[in-house]
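2 protein chains.
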Amino acid sequence: MKKSHRVVFQPEGRTVFVMDGTLVLEAATEAGLTVDAPCGGRGVCGKCRVQIVQGDLPESAEQKERIGAELYEQGYRLACQTRITSDMTIVVPRESRLFEQKILTEGADRATAVQPNVRKVHIEEAPPTLEDQACDADRLLRAIPNGENLEAPIDLLRQVSDVLRESSFSVTAVINRDEIIAVEPGDTTSDLLGAAFDIGTTTVVGMLVDLRTGERLAVASRTNPQVQTGDDVISRIEHTRVNASGLRELQSAIVGCVNDILEELVKERGISVERIYEVTTAGNTTMTHLLLGVPPRYLAEAPYVGVFRKGCLVRARDIGVRIHPQGKLYALPNIAGFVGGDTVAVVLATGMMQKDEVCLAIDVGTNGEMVLGSREWMVSCSTAAGPAFEGARIRFGMRASQGAIEKILINDDVSYNVIGNVAPIGICGTALIDLLAELRRVGVVDETGRILTGSDLPGGLPPRLAERVQEDDDGPIFVLAEKEEAANGRRIYITQRDVRELQLAKGAILAGVMTLLKEANMELDDIHEILLAGAFGNFIRRKMAKRIGFLPQIPSERIRFVGNAAGAGARLALVSRACRDEAERISRHVKYIELAGRPDFQIFFGEAMMFPEVVE
Amino acid sequence: MKKSHRVVFQPEGRTVFVMDGTLVLEAATEAGLTVDAPCGGRGVCGKCRVQIVQGDLPESAEQKERIGAELYEQGYRLACQTRITSDMTIVVPRESRLFEQKILTEGADRATAVQPNVRKVHIEEAPPTLEDQACDADRLLRAIPNGENLEAPIDLLRQVSDVLRESSFSVTAVINRDEIIAVEPGDTTSDLLGAAFDIGTTTVVGMLVDLRTGERLAVASRTNPQVQTGDDVISRIEHTRVNASGLRELQSAIVGCVNDILEELVKERGISVERIYEVTTAGNTTMTHLLLGVPPRYLAEAPYVGVFRKGCLVRARDIGVRIHPQGKLYALPNIAGFVGGDTVAVVLATGMMQKDEVCLAIDVGTNGEMVLGSREWMVSCSTAAGPAFEGARIRFGMRASQGAIEKILINDDVSYNVIGNVAPIGICGTALIDLLAELRRVGVVDETGRILTGSDLPGGLPPRLAERVQEDDDGPIFVLAEKEEAANGRRIYITQRDVRELQLAKGAILAGVMTLLKEANMELDDIHEILLAGAFGNFIRRKMAKRIGFLPQIPSERIRFVGNAAGAGARLALVSRACRDEAERISRHVKYIELAGRPDFQIFFGEAMMFPEVVE
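Chains as they are written, first to last, in my numbering: chain S, 10 to 625; chain B, 10 to 625.
FYI, nobody ran anything at the bench for these hints, they're computed from the structure. Keep in mind that this is a model prediction, so the values were computed, not measured. Among the hints, a few may not be true.
Any copy will do: because identical chains look the same in the list, a pair fits if it lies in one copy or spans two.
Unchecked claim - In silico EDC-like links for lysine to aspartate or glutamate, alpha-carbon gap of 20 Å or less: (1) LYS555 - GLU175; (2) LYS600 - GLU193; (3) LYS600 - ASP141; (4) LYS364 - ASP465; (5) LYS492 - GLU480; (6) LYS73 - GLU494; (7) LYS276 - GLU566; (8) LYS600 - GLU157.
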């Protein structure tokens with residue numbers, strides 16, 4: 010087992026333990042930070058610079074030139090070129106973060122200028138007189154630029170007169186699109202909060218956002234409590250079909266989760282959730298149906314159609330989400346039954362639809378959704394990759410949480426890294442990819458996915474590795490940690506069946522890619538860039554993923570991690586009306602390819618389950 | 010007491026008892042029917058023809074020529090020229106009714122073509138397949154012409170999939186403006202109902218309307234239950250100010266009344282109120298505030314401003330009105346604090362804003378609102394005429410219901426007509442005008458309003474009349490019915506104080522008219538037509554009203570009764586989007602003149618309280 014280093018990322022204070030020699034970029038993504046590296050980690054663009062404030066500071070003339078002497082002296086280094094060789098404290102500045110940078114680009118890029126759906130206008134009006142008897146609502150509307158077309162809902166009308174008089178006609182109007190949702194006493198324009206959510210099948214992430222700047226003020230996440238009724242969307246849809254109260258239960262569960270996250274987001278600021286005026290959500294089609302309480306039942310049976318596609322703007326309290334009483338919730342639009350608002354958000358955040366070059370975005374969650382295309386055209390599909398990469402259906406599989414082996418290297422023996430630097434409990438998805446990739450390289454697993462045993466093992470295999478190949482009742486296994494090493498006193502290993510599960514999962518994703526390429530009449534080389542999204546995508550090591558054929562065989566610098574792009578897209582749709590409009594355009598622009606029943610997909614799938622030759 | 014005849018109007022079956030010699034037109038308005046008589050009752054336009062199917066059929070060569078021989082032989086006569094000399098049954102055809110005719114005028118008059126806010130589209134779609142995976146909402150929207158911009162609220166999304174499948178994708182979409190409010194199985198396009206309400210301070214009238222034709226299917230009315238907390242708007246506003254739950258009480262009261270009327274409207278058709286898709290309401294500013302639960306408190310204190318002016322479109326159930334769960338309620342816009350949606354409705358129904366000629370509309374309810382103007386400009390005001398004409402604050406005053414003396418003639422003695430042809434209980438507003446007008450003519454009341462007694466009475470006064478001039482504790486009275494004649498065994502009379510109340514009321518209205526004329530820099534003769542609206546307006550006899558100076562001194566044929574124009578305007582806003590838009594334009598177009606504190610109004614008022622010289 011290699012030496013581990015403790016790395017603290019600031020200003021979040023997130024801590025990870027990584028193997029000696031790990032790139033700062035990799036450690037940062039492991040900590041859940043999305044550092045921008047548009048050159049693919051080749052050290053040429055200089056965008057990924059971070060400041061190392063504690064720990065070994067490696068010297069590099071090339072980096073000094075790239076970064077500039079002044080910053081270099083202050084400890085700035087390129088995250089993609091700097092390896093961790095000691096415990097470290099590293100500051101990731103805002104401008105090096107993928108989406109922060111995007112949102113800050115005001116003016117130049119229309120689509121990302123901060124211009125939220127919710128805005129505030131402070132007005133000062135004279136009180137009415139016999140000469141000026143305009144009613145209170147008209148008095149308010151006339152003071153707002155272009156106010157005459159705004160609507161004033163009845164709840165507002167019930168309060169406006171007293172608010173105006175109690176604050177001597179100096180009030181702040183809160184406007185959502187074409188509706189005044191609140192009138193607050195005095196000038197409250199400095200306070201404008203929203204929240205953006207990525208509602209995953211497994212994990213729900215929420216961010217508190219300053220709508221004036223687009224800045225992310227706080228982040229919180231929870232496991233989607235719906236997992237209790239099944240780890241994939243199909244089992245949840247099934248739950249709504251067989252139980253009369255199933256839909257209500259699942260809706261309550263996710264709404265409760267969103268409310269808990271909202272409470273957590275505002276807690277440390279000591280404010281009420283009522284100060285949040287709008288929420289956006291990006292989720293897959295099923296998650297969005299469940300959130301809104303719309304029955305998703307026909308999604309689970311051929312021809313797999315949902316109830317709605319377009320984005321939904323609802324009053325948050327109508328579905329139980331607790332923010333400002335007149336606050337709205339905007340659920341990003343879907344593309345099809347199995348390509349949802351989360352994928353729209355990924356396309357939005359990556360700006361794919363504004364590019365001339367053809368990109369491929371892959372969002373690896375419980376399902377694997379992918380989109381190929383450019384400004385001109387886009388095609389998408391969804392593969393039932395299953396939750397294997399999230400650790401489900403794998404003997405010792407687990408989520409990427411404390412105690413999970415998250416990285417594996419094999420030389421003479423196995424070395425691994427454990428999240429939290431504790432004794433291991435199981436294996437998470439990234440380590441499974443590492444393990445398979447390494448077992449392929451040393452010849453323990455053949456190209457069909459068979460774990461070789463006895464005389465089938467390659468001749469020069471180090472003895473420590475050969476000893477790890479053993480058998481259990483179901484067949485051959487490869488032992489990662491003996492019971493003495495493991496937290497629970499049980500040895501940790503991978504089975505032949507586990508390898509098959511992973512083959513199915515990675516095969517499905519690659520076959521999806523191949524089908525999209527065929528649909529577009531393109532070759533792999535025509536892809537300008539692969540954008541790998543999803544919390545899981547953050548941690549996949551490109552070389553390993555390519556080695557097992559999980560990612561297509563294109564140069565690593567053309568594979569870019571975009572992190573939680575779904576969450577970033579939800580935030581864009583929150584802070585920019587133009588982005589919200591673009592989300593609706595994306596929903597219409599992207600063509601959906603149904604893989605079910607396509608013979609070519611089946612053929613690709615059969616091929617993609619195999620492992621490629623290892624040539625590195 | 011003159012002989013009474015029983016007249017039944019069909020198809021409504023409404024029965025009234027009228028004095029011998031009463032014009033059919035007058036009897037019809039007394040029965041609550043608004044027969045159109047644009048020539049002012051001169052017998053020249055031929056629009057007011059009705060069919061006498063039972064009773065004495067008077068012959069008239071002139072009418073035969075006007076009507077045409079064929080219809081004349083079938084018993085058609087002009088309502089404005091034919092006097093009732095026996096019991097009669099009379100059919101009032103739809104084309105002779107003021108607003109029916111207007112609504113039927115499709116095409117020619119853009120403003121009144123039937124094109125309701127609510128429409129239905131029947132669609133038949135193919136079920137989804139793997140080749141056509143459009144989601145259910147998109148499938149619905151694409152089948153509706155220009156459907157892509159329609160919104161589908163969440164409540165609809167929750168039901169649409171099952172409705173589509175249960176009815177084999179043959180459904181009817183119910184659309185309110187830009188929103189699909191319901192999807193019904195099969196083809197229900199033949200069923201499209203709405204309801205229009207005139208919400209008066211005293212009386213609430215509702216109509217069930219076929220939105221496909223604009224036809225009025227049923228009418229029902231109730232006393233506004235808010236009268237329990239006061240008979241004028243000021244006392245109701247006061248009630249909301251001094252009681253914490255006052256607003257809630259008054260809102261519940263009016264909503265309950267509306268719901269009761271809705272139930273009554275649908276009852277005889279054996280259908281549910283959920284079949285009604287939209288409701289429109291015309292009420293004064295205070296009534297509309299109370300209906301929507303918006304506090305009207307600042308209406309009652311200078312400078313008398315309301316909370317809102319614009320029309321409000323709300324989900325009916327949000328204010329407790331029970332129609333289709335997604336049905337809307339549209340409250341017509343106001344003009345100012347004391348000129349409300351009922352006046353807007355009057356302007357809308359009379360088409361005043363589309364005319365080049367200057368008209369004056371007077372709506373006599375508990376307040377007297379009036380509007381002067383044309384296409385070019387309009388001015389309005391509201392006079393606190395008070396409820397004297399509705400029988401309040403008058404010793405024996407009562408509403409125009411069974412037992413009320415409603416018509417009075419004086420020759421050698423007094424003769425009167427009682428509603429329902431029973432022994433009298435009291436006097437209603439029209440009879441008060443008759444009585445004052447007749448007492449002025451015979452000289453019992455002088456031009457200052459004093460009831461003359463003893464030697465002050467004119468010399469030639471018939472002895473039976475002189476006997477009726479008596480005294481009570483407060484001063485002189487004029488006895489209408491001795492206790493033997495009256496239902497309650499108490500004599501019925503008018504007091505000096507009653508005369509003063511009526512002087513104040515009629516003076517306020519006339520002074521309002523004079524102020525508007527002055528504001529417009531016009532003379533009485535410049536008024537093309539006076540349009541007299543309101544349930545009360547129906548029954549006012551023009552000659553009598555002019556004699557006491559309640560109406561200005563212009564030729565009677567230029568005074569036209571338009572009946573419940575507020576209700577008709579609510580119906581127009583229900584069946585025609587163009588009319589609804591026009592209502593909003595009226596609300597902005599009409600300038601409001603505040604009479605409070607205007608010295609010229611005070612001077613006019615002083616003069617207008619006097620009675621004019623009788624010259625007939």
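Comparing the hints with the structure gives:
{"no.": "1", "hint": "LYS555 - GLU175", "verdict": "neither (66 Å within a copy, 49 Å between copies)"}
{"no.": "2", "hint": "LYS600 - GLU193", "verdict": "neither (45 Å within a copy, 30 Å between copies)"}
{"no.": "3", "hint": "LYS600 - ASP141", "verdict": "between (57 Å within a copy, 12 Å between copies)"}
{"no.": "4", "hint": "LYS364 - ASP465", "verdict": "neither (50 Å within a copy, 101 Å between copies)"}
{"no.": "5", "hint": "LYS492 - GLU480", "verdict": "within (16 Å within a copy, 117 Å between copies)"}
{"no.": "6", "hint": "LYS73 - GLU494", "verdict": "neither (43 Å within a copy, 116 Å between copies)"}
{"no.": "7", "hint": "LYS276 - GLU566", "verdict": "neither (41 Å within a copy, 75 Å between copies)"}
{"no.": "8", "hint": "LYS600 - GLU157", "verdict": "between (40 Å within a copy, 17 Å between copies)"}
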